[in-house]
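In the numbering used here, the protein residues as written are 4 to 343.
Among the clues, some could well be false.
The calculated lysine to any residue pairs, modelled on SDA-like cross-linking and capped at a C-alpha distance of 25 Å, are [stated by the list, open to error]:
id, residue 1, residue 2
1, K313, L286
2, K33, A312
3, K95, A312
4, K16, K313
5, K33, E260
6, K95, L286
7, K95, P56
8, K111, A32
9, K111, F168
10, K16, S197
11, K317, P13
12, K111, E214
13, K111, K33
14, K16, P196
15, K317, L262
16, K313, R78
17, K33, D217
18, K16, R47
19, K95, L262
20, K111, T14
21, K16, K111
22, K33, V212
23, K111, L39
24, K313, E260
25, K317, V291
26, K313, R179
What the hints contain is simulated information worked out from the structure, not anything from laboratory work.
Values in this document were obtained by computation on a predicted structure and should not be read as measured data.
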Amino acid sequence: MTEALLSGTPTVKTERIGPVGRIRLDRPAKLNAVDLEMAEGIARVLDAWREDPEVTLLLLDSTSARAFCSGGDLRALSDLIREDGPEAGVRKITRVYRVMRQIAAYPKTIVSLLDGIAMGGGIGLGGHVSYRVVTERSVLAMPETGIGITPDAGGSWILSRMPGFSGLRLALLGERMTGAQAVQNGFADYLLPSESLPDLVAQIATQSVPEILDALAQPVPLAPEHSVEACYNAPDLAQVLHNLDAEGSDAARQDHEALSRLCPFSLQVTWAAWHRARTLASLDDAFVQETTLVSNLMHRPDFLEGVRAKLIDKDNTPRWQPATLDEVNPEEVALCFQRL
């Protein structure tokens with residue numbers, strides 16, 4: 004039996020399927036980019052179902068096969084900052100983070116279906132729940148260094164828990180992952196064929212979640228070490244670039260070229276943030292650090308410039324300030340870890 008439930012926002016649809024409360028992101032024209040309206044719509048539903056004894060399990064997914072959630076609504080956020088200043092942007096994104104932390108700490112089991120694109124804020128919504136499902140259509144990433152900020156939405160916690168220096172490499176490069184790679188890297192738990200998702204939704208109200216997922220899941224081999232991962236075992240980014248040059252392979256050259264295109268200041272902040280995140284005790288601590296970093300970075304020009312180059316003008320030629328890693332002031336990087 005399916006029972007509709009109004010969530011109070013046009014970007015979130017909800018329904019009841021027996022004991023299962025289903026939350027569906029429904030902003031397909033924006034690839035479900037999360038804004039404050041969507042986040043607080045989710046929060047209202049979570050509040051309603053928290054104490055409801057008839058709801059024992061939550062399912063979080065999308066109405067569109069193209070995207071679970073492509074990230075934050077960066078264009079709207081940059082418009083807000085241009086009109087009302089960075090503090091307005093900080094207030095808004097902090098409220099969105101609060102909802103992500105609410106999802107992560109929710110007392111009832113949540114299953115997220117990260118089918119299609121799940122990047123940045125999409126990881127914040129669906130990447131910290133009880134069971135995270137991906138498919139062959141899934142594309143996951145934390146691409147923040149390409150827009151002048153740093154991995155956020157709890158992504159730094161997952162990246163810092165990956166083995167070796169693989170998480171550092173992904174944090175810096177923002178490289179895209181397939182569904183299988185997401186499972187290998189700790190961003191998801193189960194890889195299912197997309198055609199099995201209707202079966203999962205139909206069975207989840209009457210069967211054990213682990214049993215259903217185990218029955219439908221495809222095997223995922225252990226992640227092989229990336230050929231240039233050892234190059235990131237270095238005291239600083241300058242040495243990483245030197246290591247990549249010395250390694251000399253096509254993969255090393257591609258990494259070097261990618262790093263040269265990304266925001267230098269963001270790279271230095273992300274380098275420091277990843278190493279600090281490894282010492283943090285909890286996901287909540289990671290959110291606190293990320294909130295501080297993003298709040299500071301929004302007061303710099305690189306975020307607006309990154310969004311302009313990537314999403315507005317789409318010329319992909321951002322003018323970073325400063326323009327090179329060598330010009331980044333370490334003292335300014337350190338200040339980003341202090342609350343405003």
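To see whether the hints hold, each was checked on the structure:
Restraint check for K313 and L286: the C-alpha separation of about 29 Å exceeds 25 Å, so the hint is violated. Between K33 and A312, the direct Cα distance comes to roughly 18 Å. Compliance with the 25 Å bound is thereby established for this hinted pair. With a C-alpha separation of about 22 Å, the suggested pairing of K95 with A312 holds against the 25 Å cut-off. Between K16 and K313, the direct Cα distance comes to roughly 30 Å. Violation of the 25 Å bound is thereby established for this hinted pair.
Distance hint between K33 and E260 is unfulfilled; the C-alpha atoms sit about 30 Å from each other, more than 25 Å. For the hint linking K95 to L286, the alpha-carbon distance of about 21 Å falls within 25 Å, and the restraint holds. For the suggested pair K95 and P56, the alpha carbons sit about 32 Å apart, so the restraint of at most 25 Å is broken. With a C-alpha separation of about 30 Å, the suggested pair K111 and A32 falls outside the 25 Å cut-off, and the hint is violated.
For the suggested pair K111 and F168, the alpha carbons sit about 33 Å apart, so the restraint of at most 25 Å is broken. Between K16 and S197 the alpha-carbon distance is near 21 Å, which keeps this suggested pair within the 25 Å criterion. A C-alpha spacing of about 29 Å is found between K317 and P13, which places the hinted pair above 25 Å, so the restraint is violated. For the given pair, K111 sits about 18 Å from E214 by alpha-carbon distance, which is consistent with the 25 Å threshold.
Simply put, K111 and K33 have alpha-carbon atoms about 29 Å apart, too far for the 25 Å limit, and the pair is violated. Proposed proximity of K16 and P196 is supported: the alpha carbons are some 24 Å apart, at most 25 Å. Under the criterion of a C-alpha separation no larger than 25 Å, the hint pairing K317 with L262 is consistent with the structure, at around 19 Å. A threshold of 25 Å between alpha carbons decides the hint, and for K313 with R78 the separation of about 10 Å falls inside it, so the pair holds.
Distance hint between K33 and D217 is unfulfilled; the C-alpha atoms sit about 33 Å from each other, more than 25 Å. Taken as a hint, the K16 and R47 pair is honoured in the structure, with Cα atoms around 12 Å apart against an allowance of 25 Å. For the given pair, K95 sits about 30 Å from L262 by alpha-carbon distance, which is inconsistent with the 25 Å threshold. For the suggested pair K111 and T14, the alpha carbons sit about 23 Å apart, so the restraint of at most 25 Å is met.
Using a Cα cut-off of 25 Å, the hinted pair K16 and K111 holds, with the two alpha carbons roughly 19 Å apart. For a cut-off of 25 Å, the pair hint linking K33 to V212 is broken: about 31 Å separates their Cα positions. With a CA separation close to 23 Å, the supplied pair K111 and L39 stays within the 25 Å bound. For the hint pairing K313 with E260, the CA-to-CA distance comes to about 17 Å; that is within 25 Å, so the pair holds.
At roughly 32 Å between alpha-carbon atoms, K317 and V291 are farther apart than 25 Å, so this suggested pair is violated. For the hint linking K313 to R179, the alpha-carbon distance of about 16 Å falls within 25 Å, and the restraint holds.
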